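Take these sequences, add in the hints, and give me the full structure.
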Amino acid sequence: MKSRITLSHIAEVCGVSKAAVSYALRGCDQVSVKLTKAIQQKASDLGYIPSRTARLLNGHTSPRLGIVLSLPGVPMESQILQALEAVCRETGFEAVVRYHYWHAPTECHILQSLLDEGVTGLVMVPAHLGTTAELVRLQKAGLSAPIVTVGLLHHRGEELITYLGNFAPDYQSVAPLCLKHVAEAGHQNIAVLFQGPYTNSGGAASLAQSFLSTASHQGNLRIEMFYLDDTSSAIRQKILQGVPCALEDVWKTDNQLAEHFLNHPFEATVAITSDDLTALSLLRACHDRSIKVPQDLSIFSMGGSWACRMAPLSITHVEPNIEGIATRIISMFLANTSSDHEEVAYPLSIVEGETLISRDSKNSTRILEKTISTTMFHGRSPHQHLQYYETSS
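Per my numbering, the sequence shown starts with residue 744, numbered consecutively.
None of these hints come from the bench; they were simulated from the model. Each hint should be verified, as a subset may be incorrect.
With a cut-off of at most 27 Å between alpha-carbon atoms, the simulated DSSO-like pairs for lysine-lysine come out as follows [stated by the list, open to error]:
1) Lys-923 x Lys-785
2) Lys-995 x Lys-1035
3) Lys-761 x Lys-777
Label pairs and their in silico Cβ distance ranges [stated by the list, open to error]:
4) Asn-932 x His-1030: 30 to 38 Å
5) Leu-778 x Glu-860: 30 to 38 Å
6) Ser-959 x Glu-1002: 45 to 53 Å
7) Met-1053 x Pro-987: 26 to 34 Å
8) Asp-788 x Ser-959: 32 to 40 Å
9) Pro-1008 x Arg-1052: 47 to 55 Å
10) Ser-956 x Val-756: 43 to 51 Å
Since we're looking at a predicted model, the values are computed, not measured. The beta carbon of each residue, even a glycine, is placed where N, CA and C say it ideally should be.
What follows is the structure, given as structure tokens:
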């Protein structure tokens, strides 16, 4: 990938300070006319492209940040959006929110229109499978902006010169701690629930493989995977048919998955779900069948949001540091588009804390919070991992 030309590159070639380059490119009188022309000419020769956001910030105009989500009302996405909007207000960004409803043509139209409108950055929460190809097409057509994705487990942005990176759980670190926790609570038969086949690529595959790999080293644990194939998943059928989805389709799919698990002969004592909506659907299905949670079955959500905290004290969940992630995302855009226009260093890994809130012991009044520090962000070097640790409070 061709490196972006920064002020540091121009300063090194011209033999001047970075501040002098910044003054010259902005036409400030702190630099002589002769030097200004020389620096501007060299910047043009090197292919330097000024940041649109930098120009806006310098001109005291609020830059617009496009935030693209899947569906209104999804708890985790809503929580991320709320945090992003709060940080945008603090930093002078205007948040422009759009939803693609898991419909590829709608998402393509949204991306085209946001870039046409001149947004100075894009946050995809989560990114649709066809996102990268569409962004590459738009980039080749001359439309581009800095991009951050959230929840895209497999890094597909390497083709994008404006791709900053991706925030996603590091399941390789979290899975061992979660299994350690459920084992300490006395569980041996563990069910893991996903909306789609865990043999496919994506988050389900990453999480399933991490659990299976960890359990293979602990002979006393039995893990059974539960998922819906494309023919039985309500939301997958709509996606494959090219029909926009609604939140009701997500609930319907989660209810189907809960019934599939509860009708299976595998006698699990704990069910680990990939997200909070699946956990809440399972909680309701257990209530309908008079199954006591957590006395008869413990429920453990890997994607806990405020919805899990608002539920009765029966869902154990891993709660990411949403405010920390939102702050980090906006900081990246500011660093990438500041007046100094300094390039973000790669490879980049950022640690954001997660909290495991335990409510799955047989004594439902016992609540233990464990802070799990995991790698929550990867830049263009997705295989670099930081060490994780565990503390209790």
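A quick look at each hint next to the structure:
{"no.": "1", "hint": "Lys-923 x Lys-785", "in the structure": "58 Å, violated"}
{"no.": "2", "hint": "Lys-995 x Lys-1035", "in the structure": "22 Å, holds"}
{"no.": "3", "hint": "Lys-761 x Lys-777", "in the structure": "17 Å, holds"}
{"no.": "4", "hint": "Asn-932 x His-1030: 30 to 38 Å", "in the structure": "21 Å, violated"}
{"no.": "5", "hint": "Leu-778 x Glu-860: 30 to 38 Å", "in the structure": "37 Å, holds"}
{"no.": "6", "hint": "Ser-959 x Glu-1002: 45 to 53 Å", "in the structure": "29 Å, violated"}
{"no.": "7", "hint": "Met-1053 x Pro-987: 26 to 34 Å", "in the structure": "28 Å, holds"}
{"no.": "8", "hint": "Asp-788 x Ser-959: 32 to 40 Å", "in the structure": "57 Å, violated"}
{"no.": "9", "hint": "Pro-1008 x Arg-1052: 47 to 55 Å", "in the structure": "33 Å, violated"}
{"no.": "10", "hint": "Ser-956 x Val-756: 43 to 51 Å", "in the structure": "49 Å, holds"}
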